[in-house]
Amino acid sequence: MPEFSAPSRRGILFGTAAVSAGALITGCTSNEPEKKDSAAPANAPVADGAPGKAVTIGFAGPQADHGWLNAINDNAKQRAKKYSDVTLEITEGSNDTAAQIGQVQTLINKKVDVLVILPADGKALTQVGLQAMKAGIPVINLDRIFASPQAYRCWIGGDNYGMGLNAGNYIGEQLKDKPDAKVVELAGVDNLELTKQRTQGFDDALKNYPNIRKVARQAADFTVESGQAKMAQLLQAQSDFDALWNHDDDQGVGALRAIAQAGRKDFIMVGGAGAKSAMDAIKADNSVLKATVLYPPTMAASAIDIARAVAQGKGVGGMAEMEIPASITLYSAVVTKDNVAQYLPTGFI
Amino acid sequence: MTQPASAARQDAPNLVKTPPQQEPKGSGPAFGLRLDLRNLSLLGVLAALIVVGGFTKPDEFLAISNLQLVLTQASIIGVVTVGMTFVITSGGIDLSVGAMVALASVWATTLATQEYGFAGILFTAIVVGVGCGLVNGVLIAYGGLVPFIATIAMLASARGLALQITDGKTQIVTVDSVLDLGVKDAYVLGIPPLVLIFAAVVVIGWLVLNRTTFGRRTFAVGGNPEAARLAGIDVRRQRLYLYVLSGLCCGIAAFMLIVLAGSGQNTNGNLYELDAIAAAIIGGTLLSGGRGTVVGSVLGVLIFTTITNIFALNNLETAVQQIAKGAIIVVAVLVQHHTLRRRGQT
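Quick mapping for you: the protein sequence lines, in order, are chains A and B. Under full-length UniProt numbering, the residues of the first sequence are numbered 1 to 349, in order. Under full-length UniProt numbering, the residues of the second sequence are numbered 1 to 346, in order.
Looking at chain B on its own, in the form it has when it is part of the complex:
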């Protein structure tokens, strides 16, 4: 598991009504308790799922290889969700993450790029992700577009461009050094490299959000942009950076997807935007901004991936999977709210 045990201090304070000047240095006890409970209830849901998995399919579910599989499958959408957490915390939304992953993955797997091997693919994926994020950021921060509109436009055009580049074809990767990252030989102490990348992104994301000026500004912009502006924060530049950050995460995720699937396809990253938003919200990030938690988002992603894994191991039909997934989302959120309400903290 990637989440640190010390979840209590992982979140900066809620600044919805607090001017940034009065921002406390760390999480106060009240905040700590609230967020701790929130993540504890998510951990409870995850634990319950693990019990169900272990009970229904003990041999398959509890195997080391299955733990590796679940974490690997969580890692790509997990990286995207970390970027999404920042954006939502700042009061924005990024609907283009799936399309950015698709575009970055097909651009990075074109024949020309493959000539430059590992570095060429990695570099292109990240540059394309950052580039798309930059366009999003400029449109939103300086063009005055609503994030919903700007990123939905990016969704459409990036998917279109990805389709045009591939011409609907699957671009198979032939660079062995990239493909080798996905096989068992590349595991470090039993941990797949993709999971290590995910863990690194989570740790860095957590540090940036909770321990840096950049993170405090993100909360401030999401909580009250006007107050943030009065406090001397360049709100527009901060927003620009946040969408670039989301694009960067998508570039990294695209590279990870290339490693895993061994190809670039314009359908890559399908519906990542919904999965990432759902995971962030379940994790306790407030859609209206001002509150966000990286650890919660990671738990949200892990809950989703574990559900999918248990369903597949038990050979459930697609329709049943979808119904149950919806129900579990509702339960997860209800459990959270109920836990908080009992403490009078909602």
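So here's chain A without its partners, still in its complex pose:
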């Protein structure tokens, strides 16, 4: 989780989140609080693991029918358990917009102190976010963003564009000395905006490497079955290419299966999301999969941290601001054989 080694803008943002998260997990702020205090105003309390005002957090997420979403729910639940002062009111996940609106309204009626919402569809749930904010309940918007900043107090989520960008740059560095290199893209669900952002980031990164050309792109459905089917087609269509960027590690299980079935070893593959199976394969280094770009489900644990801090009126450790920031974008780190040991604990099943 700690992201100190690669200080970029996002790295700094996520790094600060990680600092506070780390402090919260271990509750070890007593070791070095003086350094921060010199910069922060004396009246800015910082969230830590020590029990504070009792807080009820309402959590509404989509149906966990996918490894990553399942990990989101797990992360939120596990994190809430760590705090003796937090009660988590969790609703049954739903991919139906109307159903999720109803669930959030129920949580509003229950008068929870703060809401964490991962909407099935960010735009469609904006109204109910506004409703909660108007009722005086701060909303922590997780990942899929609401259409209006008025609908949330803080947004925390992954960086889809950055995922594509970092995947593209990693592949670019691997292939930079190869003239006329070819890459193939196995995208996720094409009618999701996040898929377009991942592709845009990837394409923008490839512009830095004029020797590389994207020769094919097909979309799958984030499932193992679709990953296998679409990859089998791509392998048939492209008899020769140098690198593959696959948007999602779940469909990557299927893609790797298709690659093994076709007996192909002539390219490198970069995955996305950070599933444990992908990290295991990277560590074992016995397949074409050489890296995966993170979209960490730990953001759900951070959302619980933020929700608690907001409800208790506290700020973030490691930052001078008195308040929790309005938005936090995670960093899409590239996990390779060199650093996989560090990230393996965050890999989701």
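Careful, some of the hints might be misleading.
[What the hints assert, rightly or not] Here are a few chain B residues that face chain A, going by a calculated C-beta distance under 8 Å: (1) Q73; (2) D167; (3) T170; (4) G182; (5) L260; (6) G262; (7) S263; (8) N309; (9) A312; (10) N315; (11) T318; (12) V335; (13) H338.
[Said to hold, decoys possible] Cut-off 25 Å, straight-line C-alpha distance, at most; resulting in silico cross-link-like pairs (DSS-like, lysine-lysine): (14) A/K82 - A/K123; (15) B/K325 - A/K182; (16) A/K77 - A/K53; (17) B/K184 - A/K196; (18) A/K265 - B/K184; (19) B/K57 - B/K325; (20) B/K57 - A/K214; (21) A/K276 - A/K178; (22) B/K57 - A/K265; (23) A/K265 - A/K276; (24) A/K110 - A/K53; (25) A/K134 - A/K111; (26) A/K207 - A/K178; (27) A/K283 - A/K337; (28) A/K265 - A/K283.
Calculated directly from the structure, the hints in this document are not laboratory data. Glycine residues also receive a C-beta, built at the ideal position from the N, C-alpha and C atoms.
Go by the hints and put chain B onto chain A.
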């Protein structure tokens, strides 16, 4: 290609208005000609697609490896479609096929099952498929539920159960003997084992539908259930068997999917119900029952798979693929109808 050349006699007669007692022994010349034309027009569509594929991507499309790929990809949905053809021929519908494939695949790939290796996985997949089909059949035949309602309830609950079993996680198969069936070494004379299973299901399905009492009863129930009952057919038991048959096909398909994808996931079999129904209808099976053709369904599946293959080889965007797929479905059906209308046989 798996379809036999002698398509002329592959279908039992249309019994919509014919009491079963007067059922002809085989296909009469008129029926033979009609159904022959229907399948010929489908073959024409398939041939046209092959020309397009061969023209746009000659090296990739016409390769043996691509033929193997297309047939492999057609085989799983193909097996489901054979079961669906029986159900629709009897005047029913099975909307739960995708969910049954999902449930059977996740149940068969749970850790406990994997301990028993190949046989454990195969057995569990088939038992779960048959079990779900049995529930469907009992609800419809003896509970009096409309097939649409009973199978949509099964769709919801089987998907829910699959989600609960997996907890949203992908269950990766570690049994080598199962995985090995999907790789090139297992090909028999260049034919992937999954394609052989598909071919076997098609041949058996065709024989059962067109050459057995069971098949004749299926047509009779679909054509006119009341007449079938008067003729001494136990309509309810026949319906029960048909949904069990569909479940059995889903169990087999689930096993094939495990071989291909190397895992069980609750999202497996997504939208199979629509693909299978579409393939059966394009193939000439009548949604209102009484007429059904296994060979037509197989052609329908092959047309779908070939389209998908050509699209992927030409690197078409998802949106364009969907639009074109819809258009080709319409064209395929129009060509059929036009061919028949010109002969005055619709």
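Hint check:
| no. | hint | verdict |
| --- | --- | --- |
| 1 | Q73 | 6 Å, holds |
| 2 | D167 | 6 Å, holds |
| 3 | T170 | 6 Å, holds |
| 4 | G182 | 6 Å, holds |
| 5 | L260 | 6 Å, holds |
| 6 | G262 | 4 Å, holds |
| 7 | S263 | 5 Å, holds |
| 8 | N309 | 6 Å, holds |
| 9 | A312 | 3 Å, holds |
| 10 | N315 | 5 Å, holds |
| 11 | T318 | 4 Å, holds |
| 12 | V335 | 26 Å, violated |
| 13 | H338 | 32 Å, violated |
| 14 | A/K82 - A/K123 | 32 Å, violated |
| 15 | B/K325 - A/K182 | 29 Å, violated |
| 16 | A/K77 - A/K53 | 19 Å, holds |
| 17 | B/K184 - A/K196 | 35 Å, violated |
| 18 | A/K265 - B/K184 | 15 Å, holds |
| 19 | B/K57 - B/K325 | 18 Å, holds |
| 20 | B/K57 - A/K214 | 18 Å, holds |
| 21 | A/K276 - A/K178 | 31 Å, violated |
| 22 | B/K57 - A/K265 | 23 Å, holds |
| 23 | A/K265 - A/K276 | 22 Å, holds |
| 24 | A/K110 - A/K53 | 18 Å, holds |
| 25 | A/K134 - A/K111 | 12 Å, holds |
| 26 | A/K207 - A/K178 | 15 Å, holds |
| 27 | A/K283 - A/K337 | 5 Å, holds |
| 28 | A/K265 - A/K283 | 17 Å, holds |
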